[in-house]
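A.B. asks: Residues per chain, in single letters:
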Amino acid sequence: MTTVITGAANGLGRALALACIERGESVLAIDLDAAALAEIDGAQPLAFDLTAPDAAQSIIAALETPVACIIHCAGISGTGRFEDIPAEHHARIMALNFTAPVQITAALLAANACAPTAKHVFVGSLSTFTGYPGATSYAASKDGLSSFTHSLRKSLPRGMSSHCVYPGPLRTDHAARYAPDNSEATVARRQSPEEAAALILTAMDRRRRAIFPGWKTRAFAFAGRILPGPVGRTLRQSLFETLKEPKL
Amino acid sequence: MPSVLITGASDGIGRALVECYRSKGWTVIAHGRRQASRVAPQLPAQVKYVEADLNMPTEDTIARVAQATPDSLDLAILNAGMGVVAPPERTTPAQINDMIAVNTTAPLLLAQALFPRLQAAQGKLTFIGSTAARGAHRDFAVYAATKAALSGAARSLRLEWEGRVPVQIIHPGPTATGMHDKAGLGDIAARKYFTAPDRVARAIETAIEGDKPSVRFGPLFMLRHAIAGSRT
Ligand SMILES: NC(=O)c1ccc[n+]([C@@H]2O[C@H](COP(=O)([O-])OP(=O)(O)OC[C@H]3O[C@@H](n4cnc5c(N)ncnc54)[C@H](OP(=O)(O)O)[C@@H]3O)[C@@H](O)[C@H]2O)c1
Numbered sequence: 001m002t003t004v005i006t007g008a009a010n011g012l013g014r015a016l017a018l019a020c021i022e023r024g025e026s027v028l029a030i031d032l033d034a035a036a037l038a039e040i041d042g043a044q045p046l047a048f049d050l051t052a053p054d055a056a057q058s059i060i061a062a063l064e065t066p067v068a069c070i071i072h073c074a075g076i077s078g079t080g081r082f083e084d085i086p087a088e089h090h091a092r093i094m095a096l097n098f099t100a101p102v103q104i105t106a107a108l109l110a111a112n113a114c115a116p117t118a119k120h121v122f123v124g125s126l127s128t129f130t131g132y133p134g135a136t137s138y139a140a141s142k143d144g145l146s147s148f149t150h151s152l153r154k155s156l157p158r159g160m161s162s163h164c165v166y167p168g169p170l171r172t173d174h175a176a177r178y179a180p181d182n183s184e185a186t187v188a189r190r191q192s193p194e195e196a197a198a199l200i201l202t203a204m205d206r207r208r209r210a211i212f213p214g215w216k217t218r219a220f221a222f223a224g225r226i227l228p229g230p231v232g233r234t235l236r237q238s239l240f241e242t243l244k245e246p247k248l
Numbered sequence: 001m002p003s004v005l006i007t008g009a010s011d012g013i014g015r016a017l018v019e020c021y022r023s024k025g026w027t028v029i030a031h032g033r034r035q036a037s038r039v040a041p042q043l044p045a046q047v048k049y050v051e052a053d054l055n056m057p058t059e060d061t062i063a064r065v066a067q068a069t070p071d072s073l074d075l076a077i078l079n080a081g082m083g084v085v086a087p088p089e090r091t092t093p094a095q096i097n098d099m100i101a102v103n104t105t106a107p108l109l110l111a112q113a114l115f116p117r118l119q120a121a122q123g124k125l126t127f128i129g130s131t132a133a134r135g136a137h138r139d140f141a142v143y144a145a146t147k148a149a150l151s152g153a154a155r156s157l158r159l160e161w162e163g164r165v166p167v168q169i170i171h172p173g174p175t176a177t178g179m180h181d182k183a184g185l186g187d188i189a190a191r192k193y194f195t196a197p198d199r200v201a202r203a204i205e206t207a208i209e210g211d212k213p214s215v216r217f218g219p220l221f222m223l224r225h226a227i228a229g230s231r232t
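Sequence lines, in order, name chains E and Z.
Be aware that the first sequence starts at 1, since it is given in the numbering used here, and climbs by one per residue.
Be aware that the second sequence starts at 1, since it is given in the numbering used here, and climbs by one per residue.
Isolated chain Z (complex conformation):
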């Protein structure tokens, strides 16, 4: 059976992705920050869990996550991420460090550490970006910048690894996960329209099966995906 590493799999979109790949019978290695005891009951049986805080992505931390995966890895979905809703001057130095570390530096270093394993399986690397990677965003300038940086990394790395390991980036739109509460987003009306994480996870799975290097989940994409899903 093929194997997949999913980072940030203890909550939200990542956890929904675990369900997707488990139900297909894949070997799933799930990463999260919280302790295994606080995540195990929610994860399907046979899922291996690796705990690592990525806000200081030292070589040890990165190696621990990579070493939890098989020598030959078919897919890595680098999904762990966090945000803070505040303009730059009201974002603390620690919050800025965390966002850049978790959303940009850690996925870059993980990609590097996983390269031999992905190459061995002729596997694929998928980054989870955000539709915020494009455009200007008043209240999450730093978060958007970390995702733009990830997007830039994906573009150049794809050119470098062409013919060796395909690199893809998928940009989900607003999703109804716990991320927004953690980020300090108020009870805004728009939240009603956020997509459910299991629908986003299925759309990610479909996008990974395709070969588009960069996929944005705009409203049109989600509508088309929903229609295609209801037909099958």
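Chain E with its partners taken away, still in its complex shape:
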């Protein structure tokens, strides 16, 4: 059986792929970056653009055994003032973060490519609970995924499950690329992708539907839920107002 991981070349996806290989799973590692994929020992690499119209079919064609688990981790962001981020970048965020996982899930199910106990795992964002001024289209794409995870569960065959992961800031290139501040102290506060990956896999084994990697993440989600006003204003000040040029 196969564990499929998208966005496996870097950051959280790579950490998840390495952890799954360590557990003895056969991993199909997907990313745009072929060179980085080649460095993951023990994975079957598959380099292509997930927003291509035939993306789902490319995955199905590459599968040697049914999907035991698919982790949709590939994602991009774009931070800055909503009106300053190019329209095509907003569209690309929606296409990669939201449309691609939905299309792939529908196609895998329609093609009967999943094992009877397959897990469908979507990497969302803590922003579902807090909002994300300065990354409006990113937040939208991740809220779409979170909703999709919970609706999907209702139509999945008995035995299959769907899970949404809500990570906070991670010590990855992704976070560094989009954050307003990458000072040493800020970077040190971010969770390491290895730690997040380990927590995510444990939660998946326990069949948790909503997965918060670590207590800090859970606490932030809780705060966003009960105090949306103050949390929103804090994020506006700490993120949005400190962003100058758009970061794509």
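Hint data in this document are derived by calculation from the structure and do not stem from the laboratory.
You may find that some hints are simply not true.
[Said to hold, decoys possible] Below are the DSS-like pairs computed for lysine-lysine, each with C-alpha atoms no more than 30 Å apart in a straight line:
#1 Z:Lys24 x E:Lys154
#2 Z:Lys212 x Z:Lys124
#3 Z:Lys192 x E:Lys154
#4 Z:Lys124 x E:Lys247
#5 E:Lys244 x Z:Lys124
#6 Z:Lys192 x Z:Lys124
#7 E:Lys216 x E:Lys119
#8 Z:Lys24 x Z:Lys48
#9 Z:Lys48 x Z:Lys192
#10 E:Lys216 x E:Lys244
[To be verified] A few chain Z residues that face chain E, going by a derived Cβ cut-off under 7 Å, partial list only:
#11 Glu19
#12 Met56
#13 Thr91
#14 Ala136
#15 Ala145
#16 Ser156
#17 Leu159
The model shown is predicted, which means the values in this text are computed figures rather than measured ones.
Cβ atoms here follow ideal geometry from the backbone N, Cα and C, with glycine treated the same way.
Please arrange chain Z with the ligand on chain E, whose structure you already have, making use of the hints.
C.D. replies: Coordinates of chain Z with the ligand only, in the frame set by chain E:
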């Protein structure tokens, strides 16, 4: 007179909204996908119509809709939307693309294109979501997800545009429009209880006058609105 852009105004709730704002004397710019000749007889006189298919929201398409509006725009109601009733594995790739494009990506890009015009008039941006944006929905998982995404966009954009352009999202409940037939919903009994589009349009108009950033039209809301309406 104030001006309003209403997308998805060639049918259903959008068309009822056109009536509401025309009867108040507003300048109305109506958007729809169908040809002008197929919508004009039903639209009140003096309503400007702009035709654009939003299932591939390219820069040209978005710009065409934005440019049909005045330089100073008081209100944009981004209402165009569509759904498909089927679990994900029986939704086609094209249907998935269309739902995400029309319900989420297009309104986001329109919001961006309209921003300077809305700012010039100190205007307001209103997205039309759906009560389905919350919770889990077996037979319209993708539709619900597109509306949840729109809801998330509204929340963050509101924080970004605070003090510049107010952003609101209104979530109508089941409404007796052609949408359900187009979506492939069968003749279920619950349809009897769907609200008439003109009542929903009036409730939307009232919600837009208020300053609540997010309004859900649950059964209680509609009842209260009906009682308030019968008093005046
Ligand atoms: N009806 C409900 O129960 C309900 C409940 C909650 C929320 N809503 C939301 O309310 C909004 C209006 O729905 P409605 O019930 O009035 O639906 P409707 O009667 O089917 O009208 C939909 C409108 O959207 C336009 N539209 C659809 N696809 C389009 C595309 N690809 N490009 C451009 N325009 C497109 C249609 O244009 P043409 O007709 O010219 O093609 C039409 O004007 C939607 O956003 C819907 O999701 C509806």
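A.B. asks: So if I understand the rule, the pair passes when the alpha-carbon distance is 30 Å or less; does Lys48 (chain Z) with Lys192 (chain Z) pass?
C.D. replies: violated (34 Å)
A.B. asks: Against chain E, is Leu159 (chain Z) within 7 Å by beta-carbon distance?
C.D. replies: At about 4 Å, which falls below the 7 Å cut-off, the nearest Cβ of chain E leaves the hint on Leu159 (chain Z) intact, so it holds.
A.B. asks: Does the structure keep Lys24 (chain Z) and Lys154 (chain E) at a Cα separation of 30 Å or less?
C.D. replies: violated (45 Å)
A.B. asks: Taking only the CA atoms, is the gap from Lys124 (chain Z) to Lys247 (chain E) under or equal to 30 Å?
C.D. replies: holds (27 Å)
A.B. asks: For the hint on Thr91 (chain Z), just tell me whether its beta-carbon gets within less than 7 Å of chain E.
C.D. replies: holds (6 Å)
A.B. asks: Just to be careful, I want the Cα atoms of Lys216 (chain E) and Lys119 (chain E) compared with a cutoff of 30 Å; is the pair within it?
C.D. replies: holds (25 Å)
A.B. asks: Given the hint that Lys216 (chain E) pairs with Lys244 (chain E), does the C-alpha gap stay at or below 30 Å?
C.D. replies: holds (28 Å)
A.B. asks: May I ask you to test the interface hint for Ser156 (chain Z) with respect to chain E, counting a Cβ-Cβ separation under 7 Å as satisfied?
C.D. replies: holds (4 Å)
A.B. asks: Is Lys212 (chain Z) within 30 Å of Lys124 (chain Z), Cα to Cα?
C.D. replies: holds (12 Å)
A.B. asks: Holds or violated: the hint that Ala145 (chain Z) contacts chain E, with Cβ atoms closer than 7 Å.
C.D. replies: This hint holds: Ala145 (chain Z) lies near chain E, its Cβ roughly 4 Å from the closest one there, short of 7 Å.
A.B. asks: Are Lys24 (chain Z) and Lys48 (chain Z) close enough, with their CA atoms no more than 30 Å apart?
C.D. replies: Distance ~16 Å between Lys24 (chain Z) and Lys48 (chain Z) Cα, so the pair holds.
A.B. asks: Ala136 (chain Z) was flagged as interface toward chain E. Is the shortest Cβ-Cβ separation under 7 Å?
C.D. replies: holds (4 Å)
Hint violations for this structure: numbers 1, 6, 9, 11 and 12, all remaining hints satisfied.
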